[in-house]
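*Asks:* Taken in sequence, the protein lines are chains A and B. Numbered per the numbering used here, the first sequence spans residues 895 to 1401. Numbered per the numbering used here, the second sequence spans residues 895 to 1401.
Hints listed in this document are in silico derivations from the structure and should not be mistaken for laboratory results. Possibly wrong hints are sitting among the right ones.
As the list makes no split between identical chains, a pair holds if one copy fits it or if it spans any two.
[As the list claims (entries may be wrong)] Okay, derived cross-link-like pairs now, SDA-like style, lysine to any residue, Cα gap no bigger than 25 Å in a straight line:
1) 1316 <-> 928
2) 1316 <-> 936
3) 1316 <-> 1008
As the structure is a prediction and not an experimental result, all values here were calculated from the model.
Number of protein chains: 2
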Amino acid sequence: MSLRPPALAPSPRLRARRLGLFTQHEAIVLMRRDCHVCRSEGLSARARVLLTAGNREVYATLLQLDGDLIAHDEAALSEEAWRLLDVQPGDPIGVRHAPALESLSSVRRRIYGSRLDAPAMAAIVGDVAAGRYTDIHLAAFLTASSAMPLDEAETVALTQAMVDVGDRLTWDAPVVIDKHSIGGLPGNRTTPIVVAILTACGLMAPKTSSRAITSPAGTADTMETLAPVDLNLAAMRRVVEAEGGCLVWGGAVSLSPADDIFIRIERVLDVDTEGQLVASVLSKKIAAGSNHVVLDLPVGPTAKVRSEAAGQQLATRLTEVAARFGVKARCLLTDGSQPVGRGVGPALEAWDVLAVLQNLSDAPQDLRARACLLAGAALELAGAAVPGTGARLAEAVLADGRAWSKFQRICEAQGGMRTPPKAAVRSPILARRAGRVVLINNRQVATLAKLAGAPDRKAAGLTLEARLGDEVARGQPLLTVNAETSGELAYALDYATAHPDMIEIEA
Amino acid sequence: MSLRPPALAPSPRLRARRLGLFTQHEAIVLMRRDCHVCRSEGLSARARVLLTAGNREVYATLLQLDGDLIAHDEAALSEEAWRLLDVQPGDPIGVRHAPALESLSSVRRRIYGSRLDAPAMAAIVGDVAAGRYTDIHLAAFLTASSAMPLDEAETVALTQAMVDVGDRLTWDAPVVIDKHSIGGLPGNRTTPIVVAILTACGLMAPKTSSRAITSPAGTADTMETLAPVDLNLAAMRRVVEAEGGCLVWGGAVSLSPADDIFIRIERVLDVDTEGQLVASVLSKKIAAGSNHVVLDLPVGPTAKVRSEAAGQQLATRLTEVAARFGVKARCLLTDGSQPVGRGVGPALEAWDVLAVLQNLSDAPQDLRARACLLAGAALELAGAAVPGTGARLAEAVLADGRAWSKFQRICEAQGGMRTPPKAAVRSPILARRAGRVVLINNRQVATLAKLAGAPDRKAAGLTLEARLGDEVARGQPLLTVNAETSGELAYALDYATAHPDMIEIEA
């Protein structure tokens, strides 16, 4: 039950102050512990409050201050609160107890084992997208839907609710195609190549990508070393109308905003259950206006999907739920036993992409083959290739330079092509013994690249010098660490020393 | 996997600054976004960091600032971080990425349905008590153990772990008795009367109580209007040695500190499952050195326990788990259909307690009867009364003034008896129609008392003027709201107006 007075009493006011406080997603307001609002409203530290300015409302967490850092009549706002409330310094702000959220009773019912129907799911996702849930509520909802996994009806309802709370794009084409990898495999940067092939074949592929969440590089991070990616919706439309496709960052468009909030909590908990994954992937594709999707599910002992059976089950759920939204989906279970290509990190992966597009002799053939496989499946799914011939068509479009030419035009349309940076400091990790490479730990490779500075340092990451099955001599480089500063290089090398089995060699 | 470099590199240092920032339980550190530590460690907002000073370590959440509120070489600490780190202004503080917590893998396993053994539970509770879990982790653990309720073995393991992480008291007596109500019933302030009766009968009853969590008054809040309650362990021992019992606040002694952390999250989620409740109640009793416990379980439509069957099941679990720790427990299912006594709020309940102890003619008889019932059960459980005669003995000790005399001595020993305050402003809520009182909503009554200012304003709360079954005339007072300021009175009256069915009258 809310303690907020139900009457129409005006809520007590303070003056807005911008604090320059970075709190990630959470809107925070700082007030003097002895200010008149805290006293009259009976507010204590960490209370959830409702901030109002004009007709805007923001749920925020209250922190209190003693001392003179802020004045008695000030409400000092974190950057997130400032952005959402859209005020100017000194503007009056109302502060009161946040009302109770009806949707939390559905979360409680779900904890105790009741299935949620579509209206309940919509109410939850609506409150989540509006920033009304605290971390505690979010974690409870996600945990409850992991402890008793979402069934198909709940997954459909969650997907629909996640689509409904965000923007939704529409395109003037019968076939709008997308390609997505569920991740977990370092260097798996096929998207720029696939989009170049598909658009070169005349398909519409308005691709929005995310930045890295837990990986050393997201497609948007890599693309940013090749062209501007932070296009707004109007700019994105111009690129797609001109070239049939784009490769932009999805952050400027608000597609499935609840998903970004859920992902943040899932990352902390390191839980990523099927229902959430399906709703997360499909809600973004549906909101982006796609009606054909090819999904890459890498399977391997250190990938996200660990077994063929788990991959098949996930593929079935993805395809079935997609069909409920009129989206034709095709899932490809791919080899997830080792990183793809040579580079791991934004710029290093961009160099691999360029080598494939330009048909260079040292281009990583595994990346090329994967891109053709996925592009081929997409061409077949979209009806642009006869079944069984898609990969061959994709390979031809790549080989004759049409894909490379289209890729350059897309980059120019997005604001101009760039040359990816190269790292200032590099150091090899050497084989401690001679033998055959029998295992490459994807997770440790990703961590190593992150310690070297990826994705924030665009040039940082690593270059793999050996692959599964290779015979190596003692002292031969297994990989090279790339960093922008010697301090970051040292961190990464320390980690590599502490994890000698990152690349396992059998005599 | 932690991103913390594993090597022995010294962690970068900043100067400690006390910010006067109140964040409830959470240790927070504020640093400049562009300080050398954030840059070299790659720290972003809301990162979990490990703060070190001397041999002390504190897990904290990082918030970042732009601008000149703090200097580049400062780490500005919240009050909680300042207290835990125990530093002086300007002291050097180390800051680095917090290491990964091994116990979280057990939380993940529990989410996915695996039972936890005693070592896993101990590791979780150890990390919780040390402040290493964020709200996200805490909510996930509590949700997982609600979605699939704790079994008896897990409840025992959790109870043991919660006892082990805190202080543990020992007393030089064969029988140490305690009394506890699981709450949910406003005005149910029997403890001071029960302790007075038991100690007057020669039993040892070293009672520690909590302050209000969600209710308008905890026993410690009420007792504080009658005597000092914030005694440290040495002072508490002196009182118990002199008088055989005490009535102090448990906060100065660290009994089951993990419980306080769990309760905070349970309150936000409004989940309170059997296993957690049993571990919460019993861990505090065991840690306090009690070996006999009488438990009051009020049952009623708006009480915490809603049905006789649920009460019986909870009683069985409490008794069985208590036995595993050598504690004899007796549970009494009591009438939870309406508030107890007349006053609701710290001082108002204290006046009720005084009236019963002093045998005043207008003393609330329901409070007196409940206290005698519980004290009688305790006397029988402890072997100080023949079964069937306990309540009579309790009544006699109350009637002849021995309990009142003992109560005064305990208050004097704790630092001197006080007179509870009386409220400055009062206003009655009147019956809108004539008829019979058929329902009193415990939850709404509690909320009304809190809106009037309880428990922070000691004199605030309400006085019930009608009870279930009473015939009332139109315009007759049903209850009186007591407040310390007219603003708080207005809030409470607004709420009462909006909830006319708080006390239901049938014509």
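*Asks:* Is it within a copy, between copies, both, or neither that the alpha carbon of residue 1316 lies no farther than 25 Å from that of residue 936?
*Replies:* between (56 Å within a copy, 20 Å between copies)
*Asks:* I want to check one pair: residue 1316 and residue 928. Are their C-alpha atoms no more than 25 Å apart within a copy, between two copies, both, or neither?
*Replies:* between (54 Å within a copy, 24 Å between copies)
*Asks:* Treating 25 Å as the Cα threshold, decide for residue 1316 and residue 1008: within, between, both or neither.
*Replies:* Answer is neither; intra-copy 54 Å and inter-copy 47 Å both fail.
This entry does not satisfy hint 3, going by the numbered hints stated previously; all others are met.
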